[in-house]
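Enquirer: Protein chains in written order, with the numbering used here: chain B, 1 to 414; chain W, 1 to 268.
Wrong hints could be hidden among the right ones.
Stretch by stretch, here's where chain B covers chain W in the computed footprint (C-beta under 8 Å, at least three residues) [to be verified]: (1) 53-60; (2) 108-114; (3) 151-158; (4) 212-224.
Cβ-Cβ distance ranges computed for the label pairs, FRET-style [to be verified]: (5) W:E109 / B:I365: 31 to 41 Å; (6) B:I305 / W:E109: 33 to 43 Å; (7) W:G145 / B:L371: 37 to 47 Å; (8) W:V149 / B:L364: 42 to 52 Å; (9) W:E109 / B:L312: 24 to 34 Å; (10) B:I305 / W:Q223: 27 to 37 Å; (11) B:F3 / W:S73: 36 to 46 Å; (12) B:M367 / W:G145: 32 to 42 Å; (13) W:E49 / B:R412: 37 to 47 Å; (14) W:Q223 / B:L312: 13 to 23 Å; (15) W:N173 / B:L312: 25 to 35 Å.
Calculated Cβ distances over 10 Å to all of chain B for the following chain W residues [what the hints assert, rightly or not]: (16) R101; (17) D165; (18) G166; (19) L175; (20) A252.
Note that these hints are calculated values from the structure, not bench results. Backbone N, C-alpha and C fix where the C-beta goes; we use that ideal spot for every residue, glycine too.
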Amino acid sequence: MPFFEAIRLALQQIWVQKLKSFFTLLGVMIGVTFLIAVVSIVGGMSRYMTEQLVGKIMAVNSFELRHRPNINIGDHDESYWRELRRRPRIKESDIEPVASALPDGVLWAAVGYDNLAASSRYVAKPKGVTAFTVTDDYFTIKRMAPVSGRLFSPQEFERGMPVIVIGQDVADYFFPALDPVGRELTIRGIPYQIVGLMEKQGSAFGISFDKFIVAPHKSPINRYVNAHGVIDAIMIQTPSREGMLSTMETVRQVMRARRGLRPAEKDNFELETSDSALEFWNKIKSYLVMAGVALPAIGLVVGAIVIMNIMLVAVAERTREIGIRKSLGARRRDIMSQFLVESATLSTVGAALGVATGFAFAKLISMVTPLPAAVELWSVLVGIGIGAGVGIVAGVYPASRASRLDPITALRAE
Amino acid sequence: MSQHTTIIEAPLGATAERQAVLATSGEAPGKDWIIVTRGIKREYDMGGEIVRALRGVDLAIQRNEYVAIMGPSGSGKSTLMNVIGCLDTPNEGEYWLNGTRVSSMSDDELARVRNKEIGFVFQTFNLLPRATALHNVELPLVYAGVGAVERKKRAREALSRVQLDGRMEHRPNELSGGQRQRVAIARALVNNPSILLADEPTGNLDSTTSEEIMRVFESLADQGQTVIMVTHEPDIAQHARRVVVLRDGLVASDDRRSAFVEKLGLTV
């Protein structure tokens with residue numbers, strides 16, 4: 001019997017007993033739903049973590065030399081935190097040795113920051129902002145550009161002039177409905193002139209990245225951001241990912257030498273990349289992936305067993321029909337393929353429904369929670385493929401029993 | 001058994017003793033002999049006991065004959081029908097259908113033969129309940145690998161032959177008993193089989209409809225179709241032109257209709 005005929009016949013069969021067919025394919029449908037939903041949620045979260053969260057905090061192909069990790073989501077014990085607190089800070093004096101060890105084409109910037117209270121004459125109440133002091137290449141590395149005004153000039157960097165660029169939230173609060181460029185923000189009694197308003201950075205998990213001001217490293221703010229001679233980090237950006245790893249090693253050696261660390265001693269500083277920040281997420285992700293494999297697997301196994309049993313019942317109920325077909329010239333393989341196609345079609349329809357509900361589920365999640373959940377094409381194809389496969393495997397035994405029925409006895413069945 | 005290389009044609013009406021002696025194995029019967037069986041034996045194991053349904057049946061049927069196979073319950077007529085219809089293979093003996101030795105064929109080969117050479121008509125109609133009359137009739141063509149367009153055309157032609165043009169899209173439960181049997185007959189004819197094999201075709205029909213159906217068989221036989229009908233009712237058997245009576249797994253008598261009716265008259 002030609003293939004499409006058989007499928008049409010199978011679909012007809014399913015349609016005739018809609019409710020029964022539905023309950024039969026429920027297991028497969030649930031299994032595939034889980035697959036689609038988990039893959040899309042995990043995929044969405046992964047993208048969110050890498051692009052939105054960490055990507056905003058850490059620039060591409062860059063690492064930071066800090067005394068301890070900036071992004072630290074994780075499960076650590078007391079001794080870990082104690083060790084971190086004991087670490088010496090990165091110093092101004094570290095800048096030159098590190099910078100001169102870097103190969104050509106590698107950018108670097110020293111960064112210091114802290115929360116400071118700022119005030120403007122347009123708003124009564126002062127408010128905290130995150131104040132950054134940075135060296136020349138900071139904006140290049142972080143790919144930050146102003147939407148109005150400009151960045152600092154080399155002289156402003158060199159002379160440490162009291163100029164700043166500000167973020168959108170700062171502008172909105174301190175200079176409501178005004179163009180902030182050219183106006184002043186006062187911090188610890190010193191007015192700083194705003195030369196530029198920066199483009200919106202966005203937010204992640206409810207934390208806004210636009211509450212900042214940035215000043216040249218040598219400007220007066222530096223005194224308040226860190227203790228004398230201390231900086232928070234040296235950001236280093238390499239042109240390529242491969243170069244980054246080797247440059248990291250170079251910096252590591254320079255610092256270890258400066259700190260007089262013996263070969264057996266661990267680093268007492270941190271070289272932080274977006275990968276290390278994502279380490280904890282990757283661990284969670286691997287657990288989610290395991291769930292994402294286990295749950296669908298359970299659904300599919302149950303689905304297969306249900307389909308097999310229903311097909312066995314179908315074969316028993318249709319014994320007479322099988323006898324009739326055989327008397328008309330159906331060979332064993334005709335009967336076998338008829339029932340195999342039926343169970344495979346049943347199961348594939350279940351998988352297709354599972355894709356639809358998985359899709360709906362993912363959409364629901366992305367609307368109700370901040371998690372972005374986008375359906376990934378490969379999971380749809382795998383889901384349907386597995387669905388068909390399960391149907392074939394589950395149907396082999398019943399189909400084979402059907403094909404081996406003796407036509408004479410079968411014809412006598414009720 | 002003497003070994004001849006030619007077939008001795010037995011005149012119709014020969015008794016069991018003067019049944020034709022057939023060519024030995026290796027030599028197929030001539031083209032005009034549609035069914036030739038020699039020494040067919042069939043036994044079953046029914047829970048430890050061996051039931052000998054057929055105990056050595058010799059039968060020769062030519063093209064265009066209209067034969068009734070009669071016998072009481074337990075005579076082996078159903079088993080013989082299953083063997084003739086290639087639904088069953090004998091334990092011993094040989095069966096040539098249309099010149100091909102069928103008795104030792106594999107399941108798949110038998111299925112092929114059933115599809116091409118045999119048209120079954122059953123007492124209980126045996127139509128697919130959820131398919132239309134048209135689809136029921138085209139089913140043998142589906143298994144013969146015929147394309148959809150050609151199939152439908154031939155199915156319609158077959159339904160015309162049994163005067164069912166107007167009811168093609170109806171399901172069996174929307175048809176009367178007589179109409180259902182006609183659909184079954186159309187299905188049996190659609191692949192131009194060598195023999196039409198009917199098992200108590202009027203068993204589930206009232207007397208008027210029975211007559212109707214017997215007239216259909218009559219007209220098909222007139223058109224040249226070889227018809228073999230299994231029945232236990234003498235009234236039905238006398239519609240045929242030759243009556244073979246089975247008793248206890250053997251051929252008890254083999255007569256032309258006239259002789260058979262005469263015999264009936266004697267016993268009644």
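Enquirer: Go through the numbered hints given earlier and state which of them the structure violates, listing their numbers in rising order.
Expert: Checked against the structure, the hints that fail are numbers 1, 3, 4, 5, 7, 10, 12, 13, 14, while the rest are satisfied.
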